[in-house]
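Protein sequence lines, in the order shown, are assigned to chains A and B. Quick note on our numbering: the first sequence kicks off at 468 and runs consecutively. Quick note on our numbering: the second sequence kicks off at 3 and runs consecutively.
Derived from the structure by calculation, the hints contain no laboratory data. Please note that a few of the clues may not be correct.
Said to hold, decoys possible - Computed list of lysine-lysine pairs in BS3-like fashion (alpha-carbon distance at most 25 Å, straight line):
no., chain 1, residue 1, chain 2, residue 2
1, A, Lys556, A, Lys712
2, B, Lys101, A, Lys1070
3, B, Lys28, A, Lys1185
4, A, Lys1117, A, Lys652
5, A, Lys556, B, Lys101
6, A, Lys652, A, Lys1185
7, A, Lys538, B, Lys31
8, B, Lys42, A, Lys1198
9, A, Lys1191, B, Lys22
10, A, Lys744, B, Lys73
Said to hold, decoys possible - Stretch by stretch, here's where chain A covers chain B in the computed footprint (C-beta under 8 Å, at least three residues):
no., region
11, 55–64
12, 83–95
The structure presented is a predicted model; accordingly, all values stated were derived computationally and were not measured. C-beta atoms are modelled at their ideal positions from N, C-alpha and C, and glycine is treated no differently.
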Amino acid sequence: MTDDDGDQFNTVGRGSMPFVSRIRRQTDYNTYPSSIPIVIDNGASYFRIGWAGETEPRVVFRNIVHRPRHKATGETVTIVGDMDPAMMKYFDCTRSGPRSPFDSNVVFQFETMEYILDFAFDRLGANGSGIDHPILITECACNPVQSRSKMAELLFETYGVPAVAFGVDAAFSYKYNQLHGICKKDGIVLCPGYNTTHAIPFVDGEPIYKGSCRTNIGGYHVTDYLKQLLSLKYPFHSSRFTWEKAEDLKLEHCYIALDYASEVRLFQEGTKEAEEKTRYWQLPWIPPPTEVPPSEEEIARKAAIREKQGQRLREMAEAKRLSKINEMDSELSSLRFLVKQLDQVEEDDIPTFLSDTGYASRRELESTILKVTQSLRKARGEPKNEPAESEENNDSLNNEKYPLMNVPDDMLTPEQLKDKKRQMFLKTTTEGRLRARQKRNEEELEKERRNQVEEERRRENPEFYLEEMRAQYKEVLERVGQKKLLKTNGSSNGNNKSGGVGRGERLSAAQRERMRLLTTAAFDRGKGEDTFGSRDEDWQLYKLMSKDNDDDDEQADSDEAELARITSRLQEIDPTFVQKVEGESLTSGDVPRVRQLTEEDYKIVIGIERFRCPEILFHPNLIGVDQVGLDEMVGASIRRLPHEETELEKRLTSSILMTGGCSLLPGMKERLECGVRMIRPCGSPIDVVRAMDPVLDAWRGASAFAADLNFLKSAFTKMDYDEKGEDWLRKYQIRYNKL
Amino acid sequence: MEGELMEADIVVPWRLSFKKIQAFDKYPKGQSTRRWKHLKQILQAENFHDSSPDLPNYVNIESPPSTQPCKRICDITGYEAPYVDPRTNLRYANAHVFKTLRSLSPDQVHQYLSIRNAAVVLK
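The whole structure should be built from the sequences, with the hints applied where relevant.
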């Protein structure tokens, strides 16, 4: 599609909706005299503006406004139409989302409308002061007068427009098609739009609004339905289903089934036809690198490397040990030499002699020698001898460490008594540790033996064993569950709004028991005198109370430990075992993480959704909107008409025109025919036609209307607006027939 | 502004010659668009009760509720659904779907119901 300047822009048509429309500024604005009106089709989805008399609008863009902050300068800028994703990096879009001036199909936010008009006129090439052309702008059917007057005000006062006219887009489309002979002068126009769907009857070429009806379902709801269904079906990929993606899917794949029930039955039975109709969307998925089992050589090579490393380490350790031994040897020999020297020196000279070497007395020297010899022996000694040695050491140490143990008390001095006590303590602790270690060893051996026995049993009779395990599991699960229930019986039971009342129910059995004990104890003596505590037995009460709790916990713990053991066992051996999590089981969102992700998980299947989503146009109660669908709207519209002739009705139904973006869905025509036939008497003529271009015909019709010489008679000027007031504006309607 | 941005020319310029009052004068910074009346408020203000039922107005031309029996389809699969789950009020088609239904989290149940406008919203 090209315009006067030869600039290319995308045709607004099925499958090639301009997601981002880079529109060049038109340069021929000044070539148009002031009498040529500007035609605007202000739709909730797209905004189209152009010159009257032409067949294509010059500027088309999505009717939304972004007001992000420019990252570099920090100022808030305005961007109209779809945001180019390549440009998004310059802006900070977190604070503001896209805004539309529409609420349902009525304009209510005029600040946004102003930005849109700014952009539109700017792109049309407007310059100079004020827009000097009359404007024809479309609105919804029976637009509330507030919206209308604000729009007129905006155009007159901010843009300086000389004259304004309002028209209904569906009507323009019908007139345009009537001009081209697609439909007759009596008929009904069905316009499923973005937010709403209208059915307006035409008699003698004029729309009768009294007979029109509007359902609040449109293309927006279809896309939204598709988006929600897919997000719920694939919660794992829900971030993929953006609004734009859902809209693309809708445009490409959705269709209207002739009869919903039979289509669904095809899918339910899984017939080949259903298979053909299903579309698959494969999301990008990289399989995790499969681990090739290492080949023989690999294993051998790795083993050899490990062996070498081990060898190296061992050599290093050996070398270190040898050097240490050597060192200690030399030290020992020097010490022995020192002792020998000491022997030769006299008693009195020892301190002076030793002060050089750093030892205080002969005793110290001897003890150092002893230590060094011991460590030398240890370093040299082999592992096998060590336990024996250590045992020997232990024994000898025992005798050395606890020399006083065997000496009876009365033969010792008080100091020695203290020593003896200390030694006793040490001995008991070490012995205790030894005993504990032995016990642990025994226990482990015992467990091993038990496991082996179990394995044997399992191998003999796997089925039976499995059954047994399962039964046990169920039992223990029940017990644990019951215990939990008892404990939290009251507390989980109530959204108890009354605070104090009902406290008794909330306490568990144990707590109740405690309360009982306390109260009886306190009450025991009676006569108002509290003598609790005078007897020792009374205090046993507390022991009872706390013991209760302890017992409970212990029992519960052992049960839970049992449960854990059985669960792990079952998980090992039973392939079909699924652990019952308390309360809810795994949500469907978690499932892909439990098992290995396959390619299948990344394939989005769009089968039934293809025709389930557009079905809401015919059955709005699928989405919760309690209104008639497209086919019944025709009937409702005819019923509302003030006339009562059957001839007129026949003429109306024989010229039903479909326009609006949603009517591009395949299968709509046949479905409508079926639907209308159901509500009309048998044999009446029914003819459903689609507009030549459902999306652009509204603008084209408006353009043709504005090009008419008598257009200005239908428009009103600023003076009219100021003088005649709101009431007149309410009644203002243009006459569509060419005079 | 970055060169690429200038070239793309997507930003609406500040000052436009054909406007009598510029946007930044009319809407000084800080005043948000909250002062615009939404459709509901507009309709309330219009007071359509008083006007005669003969004249078509925005509220008059709304469609009536459907006279055909309500179509019941399964919330999850889209098949025909003769059954309703008493616990969650979801519609389902057969036992297989029922199993999936019972394994849904309350969040998802709420979402399914809200598509149909049947969710109970606790305040």
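Evaluation of the provided hints:
no. : hint                   : verdict
1   : A:Lys556 <-> A:Lys712  : 20 Å, holds
2   : B:Lys101 <-> A:Lys1070 : 23 Å, holds
3   : B:Lys28 <-> A:Lys1185  : 20 Å, holds
4   : A:Lys1117 <-> A:Lys652 : 13 Å, holds
5   : A:Lys556 <-> B:Lys101  : 46 Å, violated
6   : A:Lys652 <-> A:Lys1185 : 33 Å, violated
7   : A:Lys538 <-> B:Lys31   : 18 Å, holds
8   : B:Lys42 <-> A:Lys1198  : 21 Å, holds
9   : A:Lys1191 <-> B:Lys22  : 23 Å, holds
10  : A:Lys744 <-> B:Lys73   : 23 Å, holds
11  : 55–64                  : holds (count 8)
12  : 83–95                  : violated (count 1)
Checked against the numbered hints listed earlier, the structure breaks hints 5, 6 and 12; every other hint is satisfied.
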